[in-house]
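There are 2 protein chains.
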Amino acid sequence: MKPIRNLIVLAAIVLAGLVTTYAEDPLPSWNDTAPKRSIVSFVEKVTKEGSPDFVPPAERIATFDNDGTLWAEQPLYFQFLFALDRVRVLAPDHPEWKSQEPFASLLRGDLKGALAGGERAMVEIVMATHAGMTTEDFEKIVKEWVATSKHPKLQRSYTECVYQPMIELLAYLRANGFKTFIVSGGGIEFMRPWVEKVYGIPPEQVVGSSIKTKFELRDGKPVLMRLPEVNFIDDKDGKPVGINEHIGQRPIAAFGNSDGDLQMLQWTAAGSGSRFCLFVHHTDAKREWAYDRESHIGKLDKGLDEAAAKGWTVVDMKDDWKRIFAFEK
Amino acid sequence: MKPIRNLIVLAAIVLAGLVTTYAEDPLPSWNDTAPKRSIVSFVEKVTKEGSPDFVPPAERIATFDNDGTLWAEQPLYFQFLFALDRVRVLAPDHPEWKSQEPFASLLRGDLKGALAGGERAMVEIVMATHAGMTTEDFEKIVKEWVATSKHPKLQRSYTECVYQPMIELLAYLRANGFKTFIVSGGGIEFMRPWVEKVYGIPPEQVVGSSIKTKFELRDGKPVLMRLPEVNFIDDKDGKPVGINEHIGQRPIAAFGNSDGDLQMLQWTAAGSGSRFCLFVHHTDAKREWAYDRESHIGKLDKGLDEAAAKGWTVVDMKDDWKRIFAFEK
Chain A
643 MKPIRNLIVL
653 AAIVLAGLVT
663 TYAEDPLPSW
673 NDTAPKRSIV
683 SFVEKVTKEG
693 SPDFVPPAER
703 IATFDNDGTL
713 WAEQPLYFQF
723 LFALDRVRVL
733 APDHPEWKSQ
743 EPFASLLRGD
753 LKGALAGGER
763 AMVEIVMATH
773 AGMTTEDFEK
783 IVKEWVATSK
793 HPKLQRSYTE
803 CVYQPMIELL
813 AYLRANGFKT
823 FIVSGGGIEF
833 MRPWVEKVYG
843 IPPEQVVGSS
853 IKTKFELRDG
863 KPVLMRLPEV
873 NFIDDKDGKP
883 VGINEHIGQR
893 PIAAFGNSDG
903 DLQMLQWTAA
913 GSGSRFCLFV
923 HHTDAKREWA
933 YDRESHIGKL
943 DKGLDEAAAK
953 GWTVVDMKDD
963 WKRIFAFEK
Chain B
643 MKPIRNLIVL
653 AAIVLAGLVT
663 TYAEDPLPSW
673 NDTAPKRSIV
683 SFVEKVTKEG
693 SPDFVPPAER
703 IATFDNDGTL
713 WAEQPLYFQF
723 LFALDRVRVL
733 APDHPEWKSQ
743 EPFASLLRGD
753 LKGALAGGER
763 AMVEIVMATH
773 AGMTTEDFEK
783 IVKEWVATSK
793 HPKLQRSYTE
803 CVYQPMIELL
813 AYLRANGFKT
823 FIVSGGGIEF
833 MRPWVEKVYG
843 IPPEQVVGSS
853 IKTKFELRDG
863 KPVLMRLPEV
873 NFIDDKDGKP
883 VGINEHIGQR
893 PIAAFGNSDG
903 DLQMLQWTAA
913 GSGSRFCLFV
923 HHTDAKREWA
933 YDRESHIGKL
943 DKGLDEAAAK
953 GWTVVDMKDD
963 WKRIFAFEK
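In the order they appear, the protein sequences are chains A and B. For the first sequence, the residue numbers in my numbering are 643 to 971. For the second sequence, the residue numbers in my numbering are 643 to 971.
Simulated from the structure, these hints should not be mistaken for laboratory data. Quick caveat: nothing in here was measured; it's all calculated off a predicted structure. Worth double-checking, as some hints may not be accurate.
Intra- or inter-copy, both count: the list cannot distinguish identical chains.
List time: in silico SDA-like cross-link candidates among lysine to any residue, alpha-carbon distance up to 25 Å [claimed, not checked]:
hint, residue 1, residue 2
1, K856, F874
2, K944, N818
3, K863, P670
4, K856, A911
Just chain A, with the same shape it has in the complex (with noise of 0.2 Å):
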């Protein structure tokens, strides 16, 4: 060989080297802590052919919850804060509002007041809001208000408020053959007119709760209507459900920040061969919020024993977080 191609060579070795040593770090924005190893250690075993723990791509399913887990959920489920701003907005059209509970505290501004009348009082305002249109007008609402809003305190649009360690997992993940899936006590159609853009996750790779809808002609025209009556809630014992039902395999990692997400841990952790079960620990009041066992929104309680007990990973987002949003400094 002539020495200028000598040169050439040696250039692109070190030039790939440099591009491997890039590639790898696929999670920047975590610290070299436990949790980032043992991720990339099972994604290491599972993807390596010929070893026991290997997992063929079509069975390498990843589930997430979405609430405290993808993005936040104080000081209340993002989707309950838009809630709230469309009875604002349908208010007008409801003058009997004024006089009737929920509505009237909540109109007043009264938060406290309007749900003091529970579970009863939160379906009562989700429905008054998320029924009685077709699908692709919720989804028009949808897409406007994600555009629009900023979040109370973040002064962020709520689709800022995502983990940033979180969408480099997703994307991880994906590049190693998983295939990723949000299934969340949220609702299907809040979730599937922005997280394809955001998380990556195209709409049938989504799991949430729904209310029911009916199929009509409308002037020859087909639409499926929104009806006010519950159709499925993907919370708690539910969520083994929605993964059945949906995806129809049960998945090799299962990622959750609270109890409601403890079932689909127990579910994944039960198959055979490798596991992966991680919850997402609040604990950053500065750069985030610290909630846990007493929390309103977001409990983590028996999920934590159960972590503790069976060597489930457990991430301290303070300690374990180089960044938590990607807009922070």
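Given chain A, work out where chain B should sit, using these hints.
The following block gives chain B in isolation, referenced to the frame of chain A:
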């Protein structure tokens, strides 16, 4: 160029031509009649970048009915033949069935008598054979039945009674960036154990009818129990509802064979941009079965009229399919 080089180039061009010609017939079991031409024309226009009809891959959703569209459905839906087989297997554990309809008639071989009870009798037979076990156990039962049973008339395993032209069509669409889904009135858990191997469709891309399931811990082990209660009927008006729930976007192509698929085709056709709707019309009494407007199974009546009115594609199985089953000579 030297003459020898010219020869090599010429040979390469000829070879490339041969390869192209071969690759140009992805539908060898289809005669070169109108349906095949309309399929190829549709696929070419929606996949041609820059064309006004171009559809990005993420939106190339194609939905297929199963019974009568991808596999046969005569003399009875195969899942019902499965249920009848299961009644015979389970009868020793149910002495009460000897005097209890519809089981008593069934066990005497009197199918007509058993079905005299109408829908109620059918639901009883389905629940007695499809509920009361875990999802894992049901999967095993289906797999074993599929592996060991034969179609009463064709004397082939049920998974050989699939339409070869449709298998080619599924592969052709996927090769062109489509995501293929089953949307069937059949049981979602009855299809998932075998459709990936037979149709190349993974479990999460199967939409079907279902019974309710319940998450339970049995001796600390999580299971999903199948309950004798209808969850969802994925037929007629239910098909667009099931599509919306599972897929979350409207198909651009839909394939069916009966009035039970009509709403799915209407829903598909009503979207904007290029759309493709197709009915398989059972016209070949010799190679398969011939039935339509008056049939008790797979009735195609309103659908035929609407297809004619709207210019949808109708496959005449006798004239348009070179062969129906792969096992044909």
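Indicate which option fits the pair K856, A911 if close means a Cα-Cα distance not exceeding 25 Å: within, between, both or neither.
Result: close only across copies, 18 Å inter versus 37 Å intra.
Within a copy, between copies, both or neither: which one fits K856 and F874 at a CA-CA cutoff of 25 Å?
both (15 Å within a copy, 13 Å between copies)
Tell me, please, which holds for K863 and P670 at an alpha-carbon limit of 25 Å: within, between, both or neither?
neither (50 Å within a copy, 37 Å between copies)
If the cutoff is 25 Å on CA atoms, where do K944 and N818 land: within, between, both or neither? Let me know, please.
neither (31 Å within a copy, 48 Å between copies)
Checked against the numbered hints given earlier, the structure breaks hints 2 and 3 and satisfies all the rest.
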